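Chemist: Chain by chain, the residues:
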Amino acid sequence: MINSALTAISAKPLTQDTHSCWSCGSMRAAHFCESCGKVQPPVPVDYFSFFGLPPKLNIDLGTLERDFYDLSRRLHPDLNARAGSREQEWSLEQSSLLNDAYRTLKDPIKRTQYLLHLEGVELEEQSKSATEQARATGETKKQIVPPDLLEEVFELNMELEKLRMNKKVGEDDPSLIAEIGKQKQSLEARHEALLHELRTYWKAWDTLIDRGPAADAERAQVRDKMVDVLNRRNYVRNLVRDVNAAMED
Amino acid sequence: MASDRIVGIDLGTTNSLVAFMQVDTPVVIPGEDGLNLLPSVVALDASNQPVVGNAARNSLIETPERAVYSIKRLMGRGVEDIQEELKLFPFRLAEDMQPGEVLRIKLGDKTFTPPEISALILRQLKRSAERFFGGPVTKAVITVPAYFNDAQRQATKDAGRIAGLEVLRLVNEPTAASLAYGLDKRQNGIIAVYDLGGGTFDISILKLHDGIFEVIATNGDTHLGGDDIDNLLITIALDDIRGDLDLDLRRNAEAVQAIRKAVIEAKIELSSQPSIKLDIELPGGQHYQREITRAQYEQLIQPIIDRTVGPCKQALKDAELKPEQIDEVVLVGGSTRIPKVRALVKELFHREPHIDLNPDEVVALGAAVQANILGGGSEVTENMLLLDVTPLSLGIEVAGGVTDKIILRNSTIPASAKQFYTTQIDGQANVAIHVLQGERELAADCRSLARFDLKGIPGMAAGIPRVEVKFLIDANGILHVSAREQRSGKEAEIQVQPSYGLTDEQVEGMILDSFDNAEEDFRRRQLIEARSETSTILAALEKGKKSAAWGQLTTDEKKQIAKMEKGLAAVNAEEDYQAIRKAIDALNQGTMRLAELMMDTAVSTALKGKNMDETDLGEAPTAPHPMAKAEFE
Numbered sequence: 000m001i002n003s004a005l006t007a008i009s010a011k012p013l014t015q016d017t018h019s020c021w022s023c024g025s026m027r028a029a030h031f032c033e034s035c036g037k038v039q040p041p042v043p044v045d046y047f048s049f050f051g052l053p054p055k056l057n058i059d060l061g062t063l064e065r066d067f068y069d070l071s072r073r074l075h076p077d078l079n080a081r082a083g084s085r086e087q088e089w090s091l092e093q094s095s096l097l098n099d100a101y102r103t104l105k106d107p108i109k110r111t112q113y114l115l116h117l118e119g120v121e122l123e124e125q126s127k128s129a130t131e132q133a134r135a136t137g138e139t140k141k142q143i144v145p146p147d148l149l150e151e152v153f154e155l156n157m158e159l160e161k162l163r164m165n166k167k168v169g170e171d172d173p174s175l176i177a178e179i180g181k182q183k184q185s186l187e188a189r190h191e192a193l194l195h196e197l198r199t200y201w202k203a204w205d206t207l208i209d210r211g212p213a214a215d216a217e218r219a220q221v222r223d224k225m226v227d228v229l230n231r232r233n234y235v236r237n238l239v240r241d242v243n244a245a246m247e248d
Numbered sequence: 000m001a002s003d004r005i006v007g008i009d010l011g012t013t014n015s016l017v018a019f020m021q022v023d024t025p026v027v028i029p030g031e032d033g034l035n036l037l038p039s040v041v042a043l044d045a046s047n048q049p050v051v052g053n054a055a056r057n058s059l060i061e062t063p064e065r066a067v068y069s070i071k072r073l074m075g076r077g078v079e080d081i082q083e084e085l086k087l088f089p090f091r092l093a094e095d096m097q098p099g100e101v102l103r104i105k106l107g108d109k110t111f112t113p114p115e116i117s118a119l120i121l122r123q124l125k126r127s128a129e130r131f132f133g134g135p136v137t138k139a140v141i142t143v144p145a146y147f148n149d150a151q152r153q154a155t156k157d158a159g160r161i162a163g164l165e166v167l168r169l170v171n172e173p174t175a176a177s178l179a180y181g182l183d184k185r186q187n188g189i190i191a192v193y194d195l196g197g198g199t200f201d202i203s204i205l206k207l208h209d210g211i212f213e214v215i216a217t218n219g220d221t222h223l224g225g226d227d228i229d230n231l232l233i234t235i236a237l238d239d240i241r242g243d244l245d246l247d248l249r250r251n252a253e254a255v256q257a258i259r260k261a262v263i264e265a266k267i268e269l270s271s272q273p274s275i276k277l278d279i280e281l282p283g284g285q286h287y288q289r290e291i292t293r294a295q296y297e298q299l300i301q302p303i304i305d306r307t308v309g310p311c312k313q314a315l316k317d318a319e320l321k322p323e324q325i326d327e328v329v330l331v332g333g334s335t336r337i338p339k340v341r342a343l344v345k346e347l348f349h350r351e352p353h354i355d356l357n358p359d360e361v362v363a364l365g366a367a368v369q370a371n372i373l374g375g376g377s378e379v380t381e382n383m384l385l386l387d388v389t390p391l392s393l394g395i396e397v398a399g400g401v402t403d404k405i406i407l408r409n410s411t412i413p414a415s416a417k418q419f420y421t422t423q424i425d426g427q428a429n430v431a432i433h434v435l436q437g438e439r440e441l442a443a444d445c446r447s448l449a450r451f452d453l454k455g456i457p458g459m460a461a462g463i464p465r466v467e468v469k470f471l472i473d474a475n476g477i478l479h480v481s482a483r484e485q486r487s488g489k490e491a492e493i494q495v496q497p498s499y500g501l502t503d504e505q506v507e508g509m510i511l512d513s514f515d516n517a518e519e520d521f522r523r524r525q526l527i528e529a530r531s532e533t534s535t536i537l538a539a540l541e542k543g544k545k546s547a548a549w550g551q552l553t554t555d556e557k558k559q560i561a562k563m564e565k566g567l568a569a570v571n572a573e574e575d576y577q578a579i580r581k582a583i584d585a586l587n588q589g590t591m592r593l594a595e596l597m598m599d600t601a602v603s604t605a606l607k608g609k610n611m612d613e614t615d616l617g618e619a620p621t622a623p624h625p626m627a628k629a630e631f632e
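Residue numbers (numbering that gives the first Met the number 0), protein chains in the order written: chain A, 0 to 248; chain B, 0 to 632.
If you are wondering where the hints come from, they were derived from the structure by calculation, not from laboratory data.
Owing to the predicted nature of the structure, the values given are computational and were not obtained by experimental measurement.
Among the hints, erroneous ones may be present.
Derived EDC-like pairs (lysine to aspartate or glutamate); straight-line CA-CA distance at most 20 angstroms [as the list claims (entries may be wrong)]: (1) Lys109/A - Asp317/B; (2) Lys316/B - Glu121/A; (3) Lys206/B - Asp66/A; (4) Lys105/A - Asp452/B; (5) Lys417/B - Glu196/A.
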């Protein structure tokens, strides 16, 4: 019933210079008018375009933050509180779009997921609620165990089950806890390694973007690798979460 | 300009304040009694007229069934989630309350919803501001605990509307405090605001950057504060009395309120004294006496103040910061005067907290700063902008009663999320949506915000319609929902059924002072107030004439006074409040020496052991005539 994946926003880049200010007619208008400062009606754009960025994954976070602050000073409802009701409405929409875009782009994983989404890839929903939902409705969650983890995961799940049983009857098994702790550490190290791997694909992706449509086929390959890394990364992250939950309970 | 008169209001659990930005400094506007703090207590007097503040506080002890305090605890809540409150607070619900209905509280034999009671407090503050400006005030910024949910925020906004105030913005209390603090310091860095008030606790972590106040994370507990300490001490006293004197006073509202008053005083003293002696006269003339040392007291309250630790740690975790990375810690709220609380904060953040701004006033001052920004700013606020966050995740109930989170907590607001819905059977015209707020996985454990019915979906085969629903949290932290069927481009109709809260029509029917009549209402009220001041000053003058001081005036002075007295009496019969005020001012001036002579007598009497409090004379311009204040019984 519900498509709970990333929100769909048209991936069409904004051709900013074709818009003229509704108030003064100047052609220097995107989110706000460079001439008179008025907030402009929001145009559906992707988050990268909102910040005037190409769809690349290496982003200078300092510049992004500075742009976020600068745009906030123009678009925020507090600074348009005395404008007409139509402008206030635009200000609210523009500023929520700005915040959504900044929140997505500043986080490396969210940024990658969003870019993949723009590329038409919907990642497996790995959120905790999706897990709960699958559990509640009795459906099996579509989740592929990364082959290199199969053995480890099997063992870990057995141990976690044992831990839960122990907790139920009030027993304490320090060696089991130590063993799980060790596995958790190894999972965390693996998580770090996956992030590192992801960053190497970022670099490849950004270079290919510069080469334009000629590199489309190569880009598709990098895209698929990123999907694979993200799926494995999500899987490992969920495992760490499960371990933490079992230890805390 | 009247339109620029936007005030900042701190609508607190225990005390409320109104402030305004005077040129480049925020100032608290005192009330009629010359005091900055208005106790958030509402009562009905003998003629069923509402009274607010200190006047109502007296009624708490004399006629407790006609008074209510700490109403903020009930804002935006349903009968099923206040069972704990009902055990600890003397709230009296209407007998015919239905589950799911907005609470109705009994005062005497009338009933009021929590927003209506809050509106009475707001109206009192509005009047103080109007007296200060000499003109109507219709716009305000009101602060709320950062951890308030959608329903609690909406209830606060409703209260403003009922009081005849357009609420331009709800600002989170710790964030407001940071504005006042930032205006003062003008430094970049990371600050933590620890706000422990009368009934709520908030922790907010902010990044200050060239005038931008960006909240990174917030957490809290909307039912934790000084009230809880009071209730603990009351319970102990009641148990003691039952054990030692075999007297069960739990059902005796007057006695409980007398004990409450005594333990609150003890609590305050224990912040500066090593020990205190409680001595409470009980019905029947017996006395309850007990000595409490600081150490005992701190041991007692430890479990309460420890409840602030979890939210602080969570906020740090969400902000991805270690305590060492916090540059400053600012304390807000009356309960941060407790040394044990300060010690706890120091331990949590590894540094000495800031206490240089008055913790009772800093939130209202910050609200005034925000009001100034919304009004177009001034030289000092020109560069300032607040970027706040939503304290709780917003979710939708999905199959299996699970919450699917669509806007995560600590997202900068305004924030939005889109969801797509379709139908499950051919020709289905409606889709039901349940919106939730909270961090738990199961819908049943989250706060139900509203149930929506998407209606009028064009008849299509199952799965074909594509309804886009946009959820938008505005800068007040309040949710708005809109929907569109994408294949037909038709706006889908949304019927909002707020889970807790008043409908627009209900609020409309409760409005105390109509906006349209603001000027006329103001004039009429001014006239009533001016006339009442006339009778006060004339009565005081009568008293003055009988005093020894009168004999010390020259014949000329007496003649002048008589002339002004006559003048005042004449204009008082007319309708022009400004003329009356002028005549009052003239008489005020003319009797200054008389007042001084009387004061001298009063002070020397006071030095002989009379009550010194009564000689406290308040400040201009809103203080009442000194002669009225200097009266002695």
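Chemist: Looking back at the hints listed earlier, which ones does the structure fail to meet?
Modeler: 2, 4 and 5
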